[in-house]
Amino acid sequence: MRRLLALILYPLFPPLCLPLYAGNILDPVLAQKVFEDKPRLVVLWSLDCPPCFKELALLEQILVKQPNFPVTLISTDDDVARHAEVERVYSQIHGKNLKKWIFAEMQSDRLRYIIDPQWYGELPRSYFIDTNTNKVGHSGLLKEKDIMAWFDKITGNQHIIDP
Amino acid sequence: MHSECCKLQPESMTSSQRIVPYLCGFLAVFVMHGNAANPQKSVMVHHQETVQTHCTSVSIRCAKTVSAALADDGRIWFAWSNDNTLYVNYSDNLGETLSAPQAITQQPEKIAAHGENRPKIAIDNQNNIYVSWIMLREKQWTSDIRFSYSLDEGKTYSDPITINDDKLLTSHSFNAMQVDDTGLVSISWLDGRDALQAQALNQSYTGSAIYIAQATPRNNDTRFINQPVIHGSCVCCRLAMTLGVDRKPLIMWRHIYGDNFRDHALLTFDPLKKDISYQRVSFEHWQIDGCPHHGPTLVRSSRRIHMAWFNNAPAASGLFYAYTDDLGSHVSEVFHFSNMDEIPSHPQLSANHAGQINLVWLTFNGHDQAVKMIQSRDGVEWSPPVVIATAQGASDYPVLIQHPKTALLLWHKPGQTLTLQRINRRDN
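Just so you know, the sequences run in chain order L and W.
The opening position of the first sequence corresponds to residue 6 in the working numbering, with each subsequent residue numbered one higher.
The opening position of the second sequence corresponds to residue 26 in the working numbering, with each subsequent residue numbered one higher.
These are calculated hints, taken from the structure and not from any lab test.
Mixed in with the good hints, there may be bad ones.
No more than 25 Å apart at the CA atoms, straight line, and that leaves these computed lysine to aspartate or glutamate pairs for DMTMM-like [as the list claims (entries may be wrong)]: (1) K164(W) / D206(W); (2) K180(W) / D98(W); (3) K59(L) / E163(W); (4) K38(L) / D393(W); (5) K145(W) / D295(W); (6) K135(W) / D191(W); (7) K438(W) / D84(L); (8) K164(W) / D84(L); (9) K180(W) / E134(W); (10) K150(L) / E134(W); (11) K89(W) / E65(L); (12) K140(L) / D314(W); (13) K140(L) / E163(W); (14) K164(W) / E65(L); (15) K59(L) / D219(W); (16) K38(L) / D366(W); (17) K180(W) / D206(W); (18) K192(W) / E163(W); (19) K148(L) / D42(L); (20) K89(W) / D42(L); (21) K145(W) / D271(W); (22) K145(W) / E163(W); (23) K164(W) / E92(L); (24) K148(L) / E134(W).
The whole structure should be built from the sequences, with the hints applied where relevant.
As structure tokens, this is what we get:
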């Protein structure tokens, strides 16, 4: 009920309220729904993963050029002591269709399993989710041309997508 | 509460504009508090609960990771950290009771103690204690290798020193440590100084370097002169280190071959040799431009080096074992002892004085974790896997302790009392 109320009221003030979602906790219940938003690029990363920051920097650049690019970022740092660090990273990245999550405390095994039993923790880990097809997982850095090719495909080269 | 909208209000705002931020704040409280049924859904509520539930007591129970080492007299020593302090304590009765924790660091230090990056402890044949750890520095991925030791069986410890000598604000991490029967301490780690210097010169550099430093503190020698070993290691996987028959350090790590094929390599460090050669010992050809977060394990029994590791190549994924009798020049047929169906991870090897090899690893079925074990006398024939422990919730990696009385499983669960489990199989 509370969530429904928020969903009704938040859209009245989206430009001012969006920063409230700077980093939400992803628990096993919410993790079931990570891939329900379609189309979307989901990227999992960690503070302990230097290559992940290359990916985040690339996404940051894409979001500057394409503010509506649909992407979900999930930090796998399931330690509340590191939330401040994660929040600092998230504070640098902005987008109209950007969602940000942090793994719930000490739940990384369970959350990884829910997100994808075929994913064994390597990072960065990403999923291209089309409107009509299943998610396609990828381990390691993405190339900009592949990201944009996917974006072209889902928007028919128009790059217009509703948040 | 993360509410940029509600922090600052320009002087020229209208009354309705002033109301909006408060409404946002109210909504934030309303929605987040509504998630209190599952407190971890809300950052705001979770932080409040964190203040109440954060483990602040000086107890091994509060540690996220625990390392252990066995002294010749049967005492089991533990190294762990909490609240920016490094602690050591011990057990004389196979973990039934533990001594009071002793703080090694007198000044707060941010200590890496999660996953594959954690404090290490070693005991020599005179019951001197050596501890090394990673101190996190002010910039992301910058850290130093720290070291302290005790020459009076743990009554007092030396002031911590920094082992890496470059004085550069860069990464020094994933330390491994061994001490031989002459008291020579060898510490190896992943070092970012060469990558940093290459970057400054606009040159390319792949991965990390491995450095090693040796000294004999019990002979008043703590110089620990840094020596580069190899370049091109994976930047986020632990090193595995043991001592060869000749007491020379053997290091196994995940290397970057060619276009990001991250297979394992083995070398012997000889301080008298200028050129260090290394051998590739895994050949699954896992190509990934990222962080596997999975380092290898190795142990020596007589002249045979036993090795186990994780790989996730398309044609070969899971946990693998092999041995070498000639320091990696030739590697046995690979034993694929765990496949991805059981979501395996973090294998660990140990060997007892009789040559019994124990190999344990973690598995996960979506709800419960389990530690499985296989055993062998020679690395050729192995017992069938058996589950030796199960748990729900978060856990540390399984660690084997080869006590003279029995092999022990140390499988720490943060927030819970530490217990050591006897492994009653074969000769243990």
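Structure-based check of all given hints:
1. Using a Cα cut-off of 25 Å, the hinted pair K164(W) and D206(W) is violated, with the two alpha carbons roughly 38 Å apart.
2. Our distance criterion of 25 Å between C-alpha atoms is met by K180(W) and D98(W), whose separation comes to about 16 Å.
3. At roughly 20 Å between alpha-carbon atoms, K59(L) and E163(W) fall within 25 Å of each other, so this suggested pair holds.
4. Restraint check: the Cα-Cα separation between K38(L) and D393(W) comes to about 22 Å, which is no more than 25 Å; the hinted pair holds.
5. A distance of roughly 22 Å separates the Cα atoms of K145(W) and D295(W); the hinted pair therefore holds under the 25 Å criterion.
6. With a CA separation close to 20 Å, the supplied pair K135(W) and D191(W) stays within the 25 Å bound.
7. Between K438(W) and D84(L) the CA atoms are separated by roughly 14 Å; this keeps the pair inside 25 Å, and the hint holds.
8. Distance hint between K164(W) and D84(L) is fulfilled; the C-alpha atoms sit about 19 Å from each other, no more than 25 Å.
9. With a CA separation close to 21 Å, the supplied pair K180(W) and E134(W) stays within the 25 Å bound.
10. Under the criterion of a C-alpha separation no larger than 25 Å, the hint pairing K150(L) with E134(W) is inconsistent with the structure, at around 43 Å.
11. For the suggested pair K89(W) and E65(L), the alpha carbons sit about 32 Å apart, so the restraint of at most 25 Å is broken.
12. Distance restraint check for K140(L) and D314(W): the Cα-Cα separation of roughly 20 Å lies within the 25 Å cut-off, and the hinted pair is therefore satisfied.
13. Annotation: proposed proximity of K140(L) to E163(W) is violated, straight-line Cα distance about 38 Å (limit 25 Å).
14. Between K164(W) and E65(L) the alpha-carbon distance is near 20 Å, which keeps this suggested pair within the 25 Å criterion.
15. The suggested pairing of K59(L) with D219(W) holds, with an alpha-carbon distance near 19 Å, which does not exceed 25 Å.
16. Using a Cα cut-off of 25 Å, the hinted pair K38(L) and D366(W) holds, with the two alpha carbons roughly 24 Å apart.
17. Straight-line distance between C-alpha atoms of K180(W) and D206(W) comes to about 21 Å, which keeps the hinted pair within the 25 Å bound.
18. This hinted pair checks out: K192(W) and E163(W) have alpha carbons roughly 14 Å apart, not beyond 25 Å.
19. A threshold of 25 Å between alpha carbons decides the hint, and for K148(L) with D42(L) the separation of about 22 Å falls inside it, so the pair holds.
20. Of the pairs offered as hints, the one joining K89(W) and D42(L) is violated, with about 34 Å between alpha carbons and a cut-off of 25 Å exceeded.
21. A distance of roughly 23 Å separates the Cα atoms of K145(W) and D271(W); the hinted pair therefore holds under the 25 Å criterion.
22. Among the hinted pairs, K145(W) with E163(W) is consistent with the structure: their alpha-carbon atoms are about 22 Å apart, no more than 25 Å.
23. A C-alpha spacing of about 15 Å is found between K164(W) and E92(L), which places the hinted pair at or below 25 Å, so the restraint holds.
24. With a C-alpha separation of about 38 Å, the suggested pair K148(L) and E134(W) falls outside the 25 Å cut-off, and the hint is violated.
Hint compliance for this structure: hints 1, 10, 11, 13, 20, 24 are not met, and every other hint is.
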